[in-house]
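J.: Build the full structure now, drawing on both the sequences and the hints.
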Amino acid sequence: MMIKYDISDRLTDVVKHLPCSFQKFRDVESIIKIVDIDGRAQVRDFSEDIERMLGSKMKSVKRLAESAEDADLYHEFNKTLQFDYYNSMLVNTMDDDGNFIELGGEFPLEENEHFNNIPVNTMQSDVQVPTNVYNKDPYILNGIYMSEALNDVFANNFKKDPTLTWQYFGSSSGFFRIYPVLTLSLSLTLSLSLSFTIQHFKVLVDDLHVKGEGKVAKAMKESFKILNEAATKGQGSLCNQAIMLITDGAMEDFKDVFEEFNWPDRRGYYTHISTLADVQENVMEYLHVLSRPMVINHNHDIIWTEAYMDSVLFATKAQSLLLMTSVAMPVFSKKKETLSHGILLGVVGSDIPLLEVMKLAPRYRLGPHGYAFLITNNGYILAHPDLRPLYKDGKKLKPKPNYNSVDLAEVEWEDIDETKRPMFLTNDYFYTTINDTPFSFGMVLTRGHGQLMFMGTVSVEEGLHDLTSPDLSIAAEWTYCETDIDPHHRKYSQLQAVIRYLQGKEPDLECDEVLLQQTLFDAVVTAPLEAYWQAIMLNASGMEAGVETAFLGTRSGIIRLTRYTGMETRVAKKFLTPADKDNLFTMDHFPLWYRLAMENPAGRFLYYMPVEDNDNKDKTAVTAVTVSSGGKTAMAGGKLLLSFTLSEMSGSFSQLLEALMHLVASMCTEVFNTHRSVHTGSSTLSGATAKCLTHILLWRGKHSICLVPKRPWLLLSVCSYDNCDGFHIFIGFFSCPVS
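Following the UniProt record's numbering from start to finish, the sequence shown increments by one per residue and tops out at 739.
A portion of the hints provided could be inaccurate.
Pairs of lysine to any residue, SDA-like flavour, derived with a Cα cap of 25 Å [claimed, not checked]:
1) K159 with S493
2) K136 with G98
3) K573 with M587
4) K159 with Q494
5) K573 with Y532
6) K574 with D588
7) K59 with E48
8) K160 with L109
9) K62 with S172
Treat the hints as calculated values from the structure; they're not laboratory data.
T.: Here it is as structure tokens:
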């Protein structure tokens, strides 16, 4: 059927431009292959990388603990000690005369990208003393003086492992030493987590009401029975056992209970708190009681925390990856005269952004729908793409009260509602433990394209030429080259780092060679599109009214993009901009249009409408056309789309559909004829043309939609794969806003 020149002739014109792309694939055909992803081997590889990374953090913390214990061993308490230190509350603070105040001092602070652009000084640590603690108390001064020995260890740790973030020593006497130097107003990721805890604690306390009677003696008996049973049967982690009773002063005699269950005497501890000032001194005493066995036995257990929020959470990009975990170790007194008392000096530790951990499971190796996750030994999520720790309270984002105690089943549980879905995926789960930690690592691969990877090789020279094209960008949040290790590399974007590494200007960069090779190959294969798009731009008669954007994406994170209209006339102004996270390659996911198109059968048209403004009646829709044949088919990820404005379109959707079917049939015929002489056994392709277009799928969320477009513009991209049947895949897209 002929629908003026606007549709069929235009689509025919597009097909005429395909041979140049065909030739490009034939040039590299001999070195193209499809490989199966071995999920078991890959999950082991990822977990071993994570194990090495976390192991290096544990070694750093152990060095801190050993240094702190040695410093205390050789330090003699001096009641009259006079010592000036840098107080983080007072750093760079001046008095009215313009002089730096006592314990403040002048510190040059520079914004450091590695520390979330917080102004820091990596040459030194400083000390935070709580406001209710006298900052020149003899015990405080002696502890701070002793812990000065940690400065060199902090710096050396950071030099050995530049991926380290905050390192710290928290003293049982009340002060907190942190590296690098920062001001209190910017201090600590832990402070935000603590403020959230206090906030929710207050809510819980406000909701408490006095009701009934507490049977404390009965509760004590039951507590003893539970602990005794656990110790007898070897249940749990077999660590210290303790019963802590905190009351409001109600008097009750538990002598009979303790004589029955706690014989012989376990040297328990009792205190009475009568004023607010007694809280710190008396309550903290129980730590010495609990630490006795560890000190006497010289046990330095490594402690890993559950996930907690980073202080820069609200300025970050992916909620599920903006949490942190901390590794910590106790510091004990090794002095002979106090060894039997079990004196806990404090705790050393370091923060680890979970974002950095999950970078060790790169997105391109998981596929468009695949993902990785971390859980604790209690089954709680550390990192997962479906973990959403925030909720909206008006215009503000607030943390959910239980954001760090979400069970894996809560996000992985099968959705059993009867709502119509655009697609159904079958996933395979692979998981393993991470040695020497309480964590487990898992990953998900989607059956089909998700378990296949497309591999191709081109020369660095050829790839570099095409990688510098102005229409090309790569996934900014992916790690092609590690720019965070050397401070001199932090100024480079990922694309700049890749180019400089390939040019030999930065040979010390640590880069993912497999990802770089795929990126180079994709850049070369998709290069002809740039010239074609520019030719269309320059040819006014070839420019279809309403076309806004043409773009293409590949599995290696490449996006080629051409804008046909300026920002002032563009309907989807945020589409494929840094603010449009759903439609870009991120740490969390592949673009939404990419994921939808990848899992659709060959020949299915898919219309996708990213919504950026509910009041805007013009929306963008995209459709994918895929044609494939052969036993093994992998997706290289060639996606070419165009954006249209609805105001420029009208006409019959049935006419559009028929024209598109005509185009696909033409594509099939040309493809089959082009490669019939190259691939033997092509008789199996007879009749395949009729099967090229089988389905039209339209939806918006859970609802069907109706399109009334005219003159849609279809451009085509070509992706090729070598497999046992030796045929090829062609992928094309167009898009248009719909109301």
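J.: Work down the list of hints and note, for each, if the structure agrees.
T.: Hint-by-hint comparison with the structure:
| no. | hint | result |
| --- | --- | --- |
| 1 | K159 with S493 | holds, 23 Å |
| 2 | K136 with G98 | holds, 24 Å |
| 3 | K573 with M587 | holds, 23 Å |
| 4 | K159 with Q494 | holds, 23 Å |
| 5 | K573 with Y532 | holds, 24 Å |
| 6 | K574 with D588 | holds, 19 Å |
| 7 | K59 with E48 | holds, 16 Å |
| 8 | K160 with L109 | holds, 22 Å |
| 9 | K62 with S172 | holds, 18 Å |
The structure meets every hint from the earlier list without exception.
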